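The primary structure of each chain is shown beneath.
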Amino acid sequence: MNDLAQFVDARRRLGFYLRALWDDGRDLRGFPATPRQDRPFVTPLGIHLPDTVRVARGEAGDALYRAAVAHAAAHLAFSAAPQPRAGLKPVQIALVGLLEDARVELLAIRELPGLRRLWSRFHEAQAGGVVTFEALAARLARTLLDPAHHDDDPWVAKGRRLFTDASVDLADASFVRPLASLLGNDIGQMRLPFNVKTYVVEPAYRDDNSVLWQPDPDTPDEALMLEEEVLVVRPEIVEVDGGEILEDPGAPETEGVKPVGGGEPDHDDATADAEAWLRLFRYPEWDHLIGALRPQWCTVQERRADLGDPTRIDDILHRHRDLLQRIDALIRGSELRKPVRLRRQMDGDHFDLDAVVNAMLDLRSGRTPDPRLHVRVDRRERDLSVLVLLDLSESTNDIVRACGQSVNALACEATVLLSSAMERIGDRFAIDGFCSNGRGEVRYLRFKEFGEGFDEVAKARLAGMTGQLSTRMGAALRHATRRLRAEACDKRLILVITDGEPSDIDVHDPKYLHADTRKAVEEATRAGVYTYCMSLDPKADAYVSRIFGARNYTVMDRIDRLPEKLPGLYLRLTR
Amino acid sequence: MSHMHEPARAPAVIDQYRITQEPYYRAVGDEVALYEAAYAARLPMMLKGPTGCGKTRFIEYMAWKLGRPLVTLACNEDMTASDLVGRWLLDAEGTRWQDGPLTLAARYGGICYLDEVVEARQDTAVVIHPLTDSRRCLPLEKKNELVEAHPDFQLVISYNPGYQSILKDLKQSTKQRFGALDFHYPEHDIETEIVAHESGVDAAVAAKLVSIGEKTRNLKGHGLDEGVSTRMLIHAGHLIARGIEPVAACRVTLVRPITDDPDMRDALDAVVTTFF
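Sequence lines, in order, name chains A and B.
The numbering of the first sequence is our numbering, which starts it at 67 and goes up by one.
The numbering of the second sequence is our numbering, which starts it at -8 and goes up by one.
These aren't lab readings, by the way, just hints derived from the structure by calculation.
All values derive from a computational prediction rather than experimental measurement.
Keep in mind that the hints are not guaranteed to be accurate.
[Unchecked claim] Pairs of lysine to aspartate or glutamate residues, derived as DMTMM-like cross-links and limited to a Cα-Cα distance of at most 20 Å, are as follows:
no. : chain 1 : residue 1 : chain 2 : residue 2
1   : A       : K631      : B       : D173
2   : B       : K211      : A       : D623
3   : B       : K162      : A       : E588
4   : A       : K631      : B       : D254
5   : A       : K605      : B       : E84
6   : B       : K211      : A       : D556
7   : A       : K631      : B       : D252
8   : A       : K577      : A       : E588
9   : A       : K155      : A       : D274
10  : B       : K162      : B       : D173
11  : B       : K133      : A       : D418
12  : B       : K162      : A       : D556
13  : B       : K133      : B       : D173
14  : B       : K133      : A       : D420
15  : B       : K211      : A       : D89
16  : A       : K631      : B       : D216
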């Protein structure tokens, strides 16, 4: 009897497993399994696993996936760079794969002995039975992995003898090809047919070994076109004339930017949609190549956000009322209240005069005094202003498959829950968002102001949130820093929620905006503003710690859990 | 107005803080020599590093080696300045001054070790300032006394920079008074030696435990706040040495304490079975 195991159920566990054992943060992706293609495969995008697998009843579905991940990781750790197939017959290619599988598994077992048990349970080929190439290959595979298994077929025995020969150094793959040729010739002499169309690697946890070979120029690389976890629903790529202005500071501004008089922020009322804009600001940008700030390089267009339907926000609050109650309990539990004078304490900074007098009276009259004589001031002041800065770029429209909502909608939901938590604590907060269209048009939307309550207007603005354009984070951070500095308070925090790295249409060197954003973070820190980044990009580790600092970021491994995680993170951050 | 006032009680009070048995400490680098030089110069020291990597054991060992009493105080966020310097207490005769641990060490000459000092409120941390610069004194405001630090006195703090809370960090003005030693989990062979010595398991089992620990540390920041510490590995070794089956011992001492997340738990259980 068989059961089906689902990849989506196991994915997170497998990610931890891969990261723990191999320190490998590679993406794990599901693909729709078909009878023709149900073996895992490895591409530069990550390790691809079938989205369902059959497992024996009572067997944990994870085991097969885990075996597949471990096997793929062993290839990535121990297999050489892809080789050309030239000069090899199909049967030899299949045998190179088989021997290479055994080689990398044995190398991995040297380091992680428990893997032998994990893999062995899937090798079920028995000695005897009909002699076909497929059967012999499966028997050889089992014999190579499991030293206790006995198989007296001459071809299998020969393969094992040559493979385990003392002169063979497993760490050096060069013996695999000659040995495969030799065994392949034997198959030819035994007149066993080999059908390349129907041959599949056995057992099922082993990948198709395409990772070993250079791609065939004739066949398109199907793997790279496979659907991934986040469905891309981008309608079109936004192209703007004159995007290449980075090279030439004197070039005309990007289309769509209205001329600004003077460098200082000033009101621009000469433009057509002036009422939509609050103000224009110019900010410098750091160019890591010249090691200097380019003055007045980016134009931030500040505007109030468009209004949407506030009932959407109330819906969110209603839908998450259980969660809100939990957050409420969390807030109560974390004692974030105002300072209190605690009288009659066992210890404290001062004596409680009344209690001391009473105690002396008690002593003199021969009674036992109450030892609670102190006053303690519990100072739990929170003089904190928080600016939540949302990335509103085009990519936030992508649908997260796990919950069917867009990244943008999830970020909005999370912000709503966070806002209600902050309101409950009494922290002053503002909600802003940004997107960009070249350096001349960094749009900065204000959803909620510091002084305002989280009322219908703020809710309506949040409900109108949409994603478009790109992510020029540095300029937005500089503007957010400026906004926050105007707040009179003790601690200031910018909480950036983003789904990707900084990028923009007029920048082709990814390091450029990384460096600029890091600079903006440094400037903020110098100005007494903390920055913290909540990244929804599972590959963010590569850059986000360099931008925000080792302690100042979190990478969300499941975007769909952002709404429940964000308020908790906030409480922990500001505890 | 000086430490001359209470000479009679002095030795007894401070002597209970002397370390008589040599604590086991396996040096991993030049930290012992560096610390000895720092102590000779009475330079205040900061021990940085993740939890359970041997900071406290190191300071115990150094106090033993230098023959100085060690006054340890674990800091917490409810700690007030009084908890450090002392307070007035009542007894039958009236009020009586009780030295706090910091005052004790400063008055009678000892190493005062403030564990996880970030946990203390920032205003608490500043009372150590006069002791950590050329003044080397501790004003007891409430007692109207200025305690001059004993020549043997040294202040040591521990500090785990991995804390997530942005509102909790040492002030620059505090940090810059200290020399700092960085502690990490020791490398494989040394950690194996430590786990084997401390828990009593043989080297092969200890090496497997250490490998498990190293694998979990890959997950720091990817679902775990911290990886499995040396201390936890020693706990696992203790159970194994008492005859508990290794997989169960690891489950109890390594996996269950470190995470509540069921997915993470399963992944870590799988890591354990990769070695046992």
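Right, here's what the structure says about each hint:
1. Straight-line distance between C-alpha atoms of A/K631 and B/D173 comes to about 32 Å, which puts the hinted pair past the 20 Å bound.
2. Distance hint between B/K211 and A/D623 is fulfilled; the C-alpha atoms sit about 13 Å from each other, no more than 20 Å.
3. A hinted pair counts as satisfied when its Cα atoms are at most 20 Å apart, and B/K162 with A/E588 qualifies at roughly 17 Å.
4. The suggested pairing of A/K631 with B/D254 holds, with an alpha-carbon distance near 16 Å, which does not exceed 20 Å.
5. A hinted pair counts as satisfied when its Cα atoms are at most 20 Å apart, and A/K605 with B/E84 does not qualify at roughly 68 Å.
6. In summary, the hint linking B/K211 to A/D556 is not supported, as the alpha carbons are separated by about 31 Å, beyond the 20 Å threshold.
7. Distance check on the hinted pair: A/K631 and B/D252 sit about 13 Å apart at the alpha-carbon level, within 20 Å; holds.
8. Taken as a hint, the A/K577 and A/E588 pair is honoured in the structure, with Cα atoms around 16 Å apart against an allowance of 20 Å.
9. Taking the CA atoms of A/K155 and A/D274, the gap is about 17 Å. The hint holds against a cut of 20 Å.
10. Of the pairs offered as hints, the one joining B/K162 and B/D173 holds, with about 19 Å between alpha carbons and a cut-off of 20 Å not exceeded.
11. With a CA separation close to 15 Å, the supplied pair B/K133 and A/D418 stays within the 20 Å bound.
12. Taking the CA atoms of B/K162 and A/D556, the gap is near 14 Å; set against the 20 Å cutoff, the hint holds.
13. Taking the CA atoms of B/K133 and B/D173, the gap is about 37 Å. The hint is violated against a cut of 20 Å.
14. The straight-line distance between the Cα atoms of B/K133 and A/D420 is roughly 19 Å, inside the 20 Å bound, and the hint therefore holds.
15. At most 20 Å may separate the alpha-carbon atoms for a hinted pair to count; B/K211 and A/D89 meet this at roughly 10 Å.
16. Between the alpha carbons of A/K631 and B/D216 the distance comes to roughly 15 Å, so the proposed pair stays at or under 20 Å and holds.
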